[in-house]
Amino acid sequence: AQKITQTQPGMFVQEKEAVTLDCTYDTSDQSYGLFWYKQPSSGEMIFLIYQGSYDEQNATEGRYSLNFQKARKSANLVISASQLGDSAMYFCAMREVSGSARQLTFGSGTQLTVLP
Amino acid sequence: GAGVSQSPSNKVTEKGKDVELRCDPISGHTALYWYRQSLGQGLEFLIYFQGNSAPDKSGLPSDRFSAERTGGSVSTLTIQRTQQEDSAVYLCASSLAPVAGGEQFFGPGTRLTVL
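If you read the protein sequences in the order shown, they are chains A and B. Add 940 to a position in the first sequence, counting from 1, and you land on the number used in my numbering. Add 1 to a position in the second sequence, counting from 1, and you land on the number used in my numbering.
If you're looking for bench data, these hints aren't it; they were derived computationally from the structure. Think of the CB as a built atom: it goes at the ideal place given N, C-alpha and C, for glycine as much as any other residue. Misleading hints may appear alongside valid ones.
Stated by the list, open to error - Computed Cβ-Cβ distance ranges for the label pairs, DEER-style: (1) 8(B) / 947(A): 24 to 30 Å; (2) 948(A) / 63(B): 28 to 34 Å; (3) 1012(A) / 71(B): 43 to 49 Å; (4) 957(A) / 81(B): 46 to 52 Å; (5) 947(A) / 81(B): 34 to 40 Å; (6) 77(B) / 1056(A): 42 to 48 Å; (7) 82(B) / 987(A): 43 to 49 Å.
Make the full structure from the sequences, and use the hints.
Now the structure itself:
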């Protein structure tokens, strides 16, 4: 079963508008971390934002915020005031804390295009 | 300071040849990860090193793949008898500590093309 699901292969948004990228996850662990990464066409993976499963408040980093709904197992990324430079592939990822696994499990990504 | 570096940035090889990919993690980072990203796909975990502990090899797709980490720093991913399906971008990441919130810093990747 998919542990991280990103149902939007591609999204378009007008410059200066807000956009929400969806992410749902599947885990039986109580302790886990959720991450969003941005991958521009140049290929590097850029860390955007982190949410811990025990964090009561939604994480925010500048124009990025994470809409964390634990009961629904969703961790949507909200980008406010989109800029042309936001055009990129966006990946949601999870790390489960229990057991020895420490790697990130990634979703298939959402290609965001910001229109001028 | 310096980020994660990987070499070579591009590698073209013939089917059946062996290749070695190198990763230099950020100094002081004890955790090191290798991932593979096929065209248009998400990242697939390959192997994880933490300090002097035995590596977690659970993501390696076949016994043609192996990795070493020498002196707790530089890592080499080796693919023997390469196949065309091995063509992908191989990404290395490192982090300070493998806790839930430990951010992984990624290198620029090595693009491997097997002809």
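Each hint, compared with the structure:
no.: 1; hint: 8(B) / 947(A): 24 to 30 Å; in the structure: violated (37 Å)
no.: 2; hint: 948(A) / 63(B): 28 to 34 Å; in the structure: holds (32 Å)
no.: 3; hint: 1012(A) / 71(B): 43 to 49 Å; in the structure: holds (45 Å)
no.: 4; hint: 957(A) / 81(B): 46 to 52 Å; in the structure: holds (50 Å)
no.: 5; hint: 947(A) / 81(B): 34 to 40 Å; in the structure: holds (38 Å)
no.: 6; hint: 77(B) / 1056(A): 42 to 48 Å; in the structure: holds (44 Å)
no.: 7; hint: 82(B) / 987(A): 43 to 49 Å; in the structure: violated (35 Å)
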